[in-house]
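Participant: Going down the list, the protein sequences come from chains A and B.
Read in UniProt numbering, the first sequence has 183 at position 183, and its numbers run on one by one without any break.
Read in UniProt numbering, the second sequence has 161 at position 161, and its numbers run on one by one without any break.
Please keep in mind that the hints were generated in silico from the structure rather than gathered at the bench.
Since this is a predicted model, take the numbers as computed values, not measurements.
Misleading hints may appear alongside valid ones.
[As the list claims (entries may be wrong)] Covered stretches of chain B, going by a simulated chain A footprint (3 or more residues, C-beta under 8 Å):
#1 238-249
#2 429-439
#3 525-533
Heads up, the beta-carbon is just placed ideally off N, CA and C, and yes, glycines get one too.
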Amino acid sequence: MSAHDINLSYVPTWCAGCGNYGIINALKKALTSLNLDLEQTVLATGIGCASKISQYVNTYRIETLHGRSLPVATGVKLANHNLTVIAEGGDGDGMGLGMGHFIHTARRNLDITYFIHNNQIYGLTKGQTSPTSDLGAVTKFTPAPLGNVEQPINIVKMALNAGATFVARGFVGNSAQLISLMAEAIKHPGFAVVDILQPCVTFNHVNTYPWYQQRVKVIDNMEGYDPTSLDKALFFAGLWGEQIPIGLYYRTIRPTYHESLPQLSEQSLMQQKIDNVDITGLMKELY
Amino acid sequence: MMKKRYYTCLFAGEAGYGVMSAGSIIAKGANRNGLWSFLVNEYPSLIQGGLNSCLVRLADQSLSSYEETLDFLGLFSQQGFDYYADKLNPGAIVLYDPATTQVDESKVPEGTLLYPVSLTSFVPKGGAKIMINSAMLGSFCALTGYPKNVVIDVIKNEFHNAKIQQENIKILEEVYEHIVSSLPSQNVFPFTFHKHAEPKILINGNEAISIAAIQAGCKFSAGYPMTPGSSVLSYLADHGRDYGLVFKQAEDEIAAINMLIGASFTGVRSIGSTSGGGFALMVEALGFAAMAEVPVVMVNAQRGGPSTGLPTRTAQADLNFVVYASQGEFPRIVLAPGDIEECFYETFRVFNLADKYQVPCIILTDKYLADSSVSHPLFATGHLTIDRGKRFEENVDRQEPYLRYQNTPDGISTRAFPGQVGGRHIATSYTHGEDGFYSSGNKEYALNEPTVTKESMDKLYNKLPSMEKDIPAIKFYGPSEADVTIIAWGSTKGAILEAMEQAAIEGICVNFLQVLYISPFPATAVEPILQKAKKTLLIEGNKTGQLGGILAAHTGYKANHSFFKYNSRAFVPSEILAKIKEVLL
Numbered sequence: 001m002s003a004h005d006i007n008l009s010y011v012p013t014w015c016a017g018c019g020n021y022g023i024i025n026a027l028k029k030a031l032t033s034l035n036l037d038l039e040q041t042v043l044a045t046g047i048g049c050a051s052k053i054s055q056y057v058n059t060y061r062i063e064t065l066h067g068r069s070l071p072v073a074t075g076v077k078l079a080n081h082n083l084t085v086i087a088e089g090g091d092g093d094g095m096g097l098g099m100g101h102f103i104h105t106a107r108r109n110l111d112i113t114y115f116i117h118n119n120q121i122y123g124l125t126k127g128q129t130s131p132t133s134d135l136g137a138v139t140k141f142t143p144a145p146l147g148n149v150e151q152p153i154n155i156v157k158m159a160l161n162a163g164a165t166f167v168a169r170g171f172v173g174n175s176a177q178l179i180s181l182m183a184e185a186i187k188h189p190g191f192a193v194v195d196i197l198q199p200c201v202t203f204n205h206v207n208t209y210p211w212y213q214q215r216v217k218v219i220d221n222m223e224g225y226d227p228t229s230l231d232k233a234l235f236f237a238g239l240w241g242e243q244i245p246i247g248l249y250y251r252t253i254r255p256t257y258h259e260s261l262p263q264l265s266e267q268s269l270m271q272q273k274i275d276n277v278d279i280t281g282l283m284k285e286l287y
Numbered sequence: 001m002m003k004k005r006y007y008t009c010l011f012a013g014e015a016g017y018g019v020m021s022a023g024s025i026i027a028k029g030a031n032r033n034g035l036w037s038f039l040v041n042e043y044p045s046l047i048q049g050g051l052n053s054c055l056v057r058l059a060d061q062s063l064s065s066y067e068e069t070l071d072f073l074g075l076f077s078q079q080g081f082d083y084y085a086d087k088l089n090p091g092a093i094v095l096y097d098p099a100t101t102q103v104d105e106s107k108v109p110e111g112t113l114l115y116p117v118s119l120t121s122f123v124p125k126g127g128a129k130i131m132i133n134s135a136m137l138g139s140f141c142a143l144t145g146y147p148k149n150v151v152i153d154v155i156k157n158e159f160h161n162a163k164i165q166q167e168n169i170k171i172l173e174e175v176y177e178h179i180v181s182s183l184p185s186q187n188v189f190p191f192t193f194h195k196h197a198e199p200k201i202l203i204n205g206n207e208a209i210s211i212a213a214i215q216a217g218c219k220f221s222a223g224y225p226m227t228p229g230s231s232v233l234s235y236l237a238d239h240g241r242d243y244g245l246v247f248k249q250a251e252d253e254i255a256a257i258n259m260l261i262g263a264s265f266t267g268v269r270s271i272g273s274t275s276g277g278g279f280a281l282m283v284e285a286l287g288f289a290a291m292a293e294v295p296v297v298m299v300n301a302q303r304g305g306p307s308t309g310l311p312t313r314t315a316q317a318d319l320n321f322v323v324y325a326s327q328g329e330f331p332r333i334v335l336a337p338g339d340i341e342e343c344f345y346e347t348f349r350v351f352n353l354a355d356k357y358q359v360p361c362i363i364l365t366d367k368y369l370a371d372s373s374v375s376h377p378l379f380a381t382g383h384l385t386i387d388r389g390k391r392f393e394e395n396v397d398r399q400e401p402y403l404r405y406q407n408t409p410d411g412i413s414t415r416a417f418p419g420q421v422g423g424r425h426i427a428t429s430y431t432h433g434e435d436g437f438y439s440s441g442n443k444e445y446a447l448n449e450p451t452v453t454k455e456s457m458d459k460l461y462n463k464l465p466s467m468e469k470d471i472p473a474i475k476f477y478g479p480s481e482a483d484v485t486i487i488a489w490g491s492t493k494g495a496i497l498e499a500m501e502q503a504a505i506e507g508i509c510v511n512f513l514q515v516l517y518i519s520p521f522p523a524t525a526v527e528p529i530l531q532k533a534k535k536t537l538l539i540e541g542n543k544t545g546q547l548g549g550i551l552a553a554h555t556g557y558k559a560n561h562s563f564f565k566y567n568s569r570a571f572v573p574s575e576i577l578a579k580i581k582e583v584l585l
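Here chain A stands alone, though its shape is the one from the complex:
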């Protein structure tokens, strides 16, 4: 088996037409395009339909708890910062239970790439409101006539405000752009977030392929586009309605977390020798 062989024999169990098929294909193509050594790549996922992606991609993988992909990915990165570390999961996993981790991972600028499959609904638990569900969304837990009364989370805006250093939004219906965004995100040294819009063909009958297709607009061609400007990025992030910009919103370079630690400057924790540690000095401090 070659270090670049990305496929596994198991067949995904997503519904026919699910956006996750497009995302897994894009992920594989992105990884392949980067010619990454997959033995040196770790994919950490949460729990949910999106998170099942780790069952089907031939890297080192850890399928964590619901909402906890980022802290696990953080531990992986700090233990061996020479690895490529990707975290992945859905909008419920990441913006519900995982929200605290998301904010803190972003402000720390860990060198982790985070792909959020955003279908604005809980799929695996069969159709409840997600933190990104639109106002008025009718779901199992927010029934008609009222629907969802909570303001949805805008992942791009959240990532920008929390200090992510690469922020993009992709759409599974534009695979060429998505592959390139995912590859750029993985290459980016720092916390890179890609909000990936995808329909849930079974439980979300509002935010469908046509719904997105009518609204998404490639950001590069929009007036005033400047991915080096946080202000501009926040302006475009505010557009969610008739127009939904897709593409790279913002990119900047800030020291990553592991680069800031002197004890990681020469080697990773994993490379440290652990036999015969000398604690004489520690005991002397306690005389």
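Got chain A sorted already, so can you dock chain B onto it with the hints?
Facilitator: Same frame as chain A, but now just chain B:
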């Protein structure tokens, strides 16, 4: 057997006067000069005010416990007098500042020397409040005969700023001269100080655990502040740079344990530390570690509960919680060290056990053990060896697929770490087959689900026989036959051993079964001891006798007598001795 002699002094006052620092200087000075110290801090959960106390017990032999019977009481506040006046030994000395403290002679034993000193008047104008501390130390030396130069040497060692050092020594000398000149004769301290004594360390449980983790090659820690677990984390943060270790403060305890799991999955030994409330947040991930067979080592330094409970006081009430925490079932290791020796050597062992058996390990201590400093000989480390358990060996040409969770007779499969060639796999929180794959929606898997489920659970439990053989789970003290057999766990050990010494002097025959590892429960090891026991006395720092319940569940044995203390303070030998006598009546 010679009865041990002790000298106990206690400093009490509001937070901010350096109560802890005064006690620690006395304890260190004695520790460096051939004596043995045992230091117990008590403090409320606040930053200013309140009643802080620091008790230092000294002896010319090793110490395992303390008593609140005071030979010297140094007061910075009224509250200190009110709380400790009835704990004075005959002939005790009470030093107080009349500006802050009124002493009521009727409340102290006859013969107590009540000595007023205007401590504040020795601090120069504009000097820091905490410098009163040096006036207290000078008074202590003058009144007790504790060598002044020993204190000055420690101060010189502790204060690196030359100006601060000199200011404090000046205050100390002035108070000392002032008092000594007023005394009819120079007091003689009951113990002799030896300048060139064999070096010893003065160390608390959290420090011993932290140093053991460093010795064991632990390179990663993550946590969130929670008293009394935090000082393991701050110790590792302080020494991380020198030892190539990273401590990451997490946003909460859930993140902390998940970071530890990530690092351990990657191959780095990792430790966390918290108290009951933080441990509660970690529980879901504890099960994840068990399911994914990722070893983690977690310290739970118990404090009073439930809920926020008593943040700065001791308790032994989380035993059932840590032994059973999580949905589902899985084997885990729960170590309950009873003293500094076990905090160090058993923590080292637990890192090896974690790697060998790939299970979650919990080190269950409490505020009293975590935070009390004890004189201890230097740790000998030459015999300690690291065992990382079964490892996957890289093989570029391997033909057969790597099975991370391969079924083996002992339930243990090899671990591959990310980066190893040929070791790619999925580690998962789902119930899974040998390759780690789960999906009940997948046809091949679904057809075998009942088989896979049973096999994967059996795999976890197939580790038990070798774990049980490998773990020295109990310790036994005293004669093989005795009138009373004490059963206990954790930090009660020190007080029990001292009570046994006293009992022996009085001709009472007692032995002691210490359950050091409570999970997996050592039923086979405890049974012959219990069979021989005439009368058993269960001693625990909780309301319901949690070890007693676990013991009964595993062996059917119910202790004859019990002594449960749950008033937020640790056991002392005298109350245990009294209970032993009561049992024998």
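Participant: Work down the list of hints and note, for each, if the structure agrees.
Facilitator: Now the hints, each set against the structure:
1. With 9 residues having a beta carbon nearer than 8 Å to a beta carbon of chain A, the segment 238-249 of chain B meets the requirement of three or more and the stated coverage holds.
2. Counting residues of the segment 429-439 of chain B whose C-beta sits closer than 8 Å to any C-beta of chain A gives 5, which meets the bar of three, so the coverage hint holds.
3. For the segment 525-533 of chain B, the stated coverage by chain A is not satisfied: 0 residues place a CB nearer than 8 Å to a CB of that chain, which falls below the threshold of 3.
The structure fails hint 3 only (numbered hints given earlier).
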